[in-house]
Amino acid sequence: MSDGMFRTVSGLKQGYDPDEVDDFFTHARQVYEAGPSSGLSSKDVRGVAFDMVRGGYVTAAVDAALDRLEQAFVARQRAEFVQRNGQDAWMAKLSEQARTLYGRLSRPDGDRFAAPEGRQQGYEPADVDALCHRLVAYFDKGTPLSAAEVRAATFRSRRGRNAYAEQSVDAFLARAVEVLLGVE
2 MSDGMFRTVS GLKQGYDPDE VDDFFTHARQ VYEAGPSSGL SSKDVRGVAF
52 DMVRGGYVTA AVDAALDRLE QAFVARQRAE FVQRNGQDAW MAKLSEQART
102 LYGRLSRPDG DRFAAPEGRQ QGYEPADVDA LCHRLVAYFD KGTPLSAAEV
152 RAATFRSRRG RNAYAEQSVD AFLARAVEVL LGVE
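Taking the numbering used here, the leading residue of the sequence shown gets 2, the next gets one more, and so forth.
Keep in mind the hints are simulated off the structure, nothing from the lab. Heads up, the beta-carbon is just placed ideally off N, CA and C, and yes, glycines get one too. Treat the hints with caution; some may be incorrect.
Derived lysine-lysine pairs resembling DSS-like cross-links, with alpha carbons at most 30 Å apart [unchecked claim]:
no.: 1; residue 1: K142; residue 2: K94
no.: 2; residue 1: K94; residue 2: K44
no.: 3; residue 1: K44; residue 2: K142
Have a look at the derived ranges for each label pair, beta carbon to beta carbon [unchecked claim]:
no.: 4; residue 1: T27; residue 2: G87; range: 33 to 39 Å
no.: 5; residue 1: Q168; residue 2: Q98; range: 32 to 38 Å
no.: 6; residue 1: G5; residue 2: R162; range: 21 to 27 Å
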């Protein structure tokens with residue numbers, strides 16, 4: 002245990018930089034407690050990145066805390082939106098966000114995302130396509146799927162033109178998580 006907010010890894014292993022993590026969570030708490038319309042959003046929480054250092058914080062613990070923090074900001078955003086515009090408007094907004102996902106979801110397996118450039122590393126298309134099938138089942142049939150399940154998804158690595166580019170897959174899944182969080 003460290004004097005900080007999270008457990009640390011042993012000295013030879015790498016974890017998130019404790020100073021960066023502590024600063025971010027301290028700032029996030031202040032912003033959240035300041036009330037609605039403050040200077041931090043769920044997208045900011047989702048996009049935060051920390052340097053890796055020896056003896057840093059256990060990444061799984063920090064990532065779980067970030068997930069909870071993002072959920073809190075989404076819940077606040079939803080409450081503010083519903084108060085101003087009503088529940089029907091919120092559901093219409095989520096429906097529109099979900100429709101933006103359908104372009105990729107309706108593409109054939111193996112063709113949903115561009116390949117990485119050259120021989121760069123990407124994701125195994127079959128793994129990504131399997132998650133996309135689960136998203137389609139969620140939207141079309143109401144099959145249970147949580148934002149946490151999408152966040153926790155891992156994909157095998159693959160190189161070259163028979164892979165999906167990591168950046169485009171990650172951006173797409175971030176939008177899917179945003180929709181799922183809005184419903185949860």
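Structure-based check of all given hints:
no., hint, result
1, K142 to K94, "holds, 20 Å"
2, K94 to K44, "holds, 16 Å"
3, K44 to K142, "holds, 28 Å"
4, T27 to G87: 33 to 39 Å, "holds, 35 Å"
5, Q168 to Q98: 32 to 38 Å, "violated, 20 Å"
6, G5 to R162: 21 to 27 Å, "violated, 44 Å"
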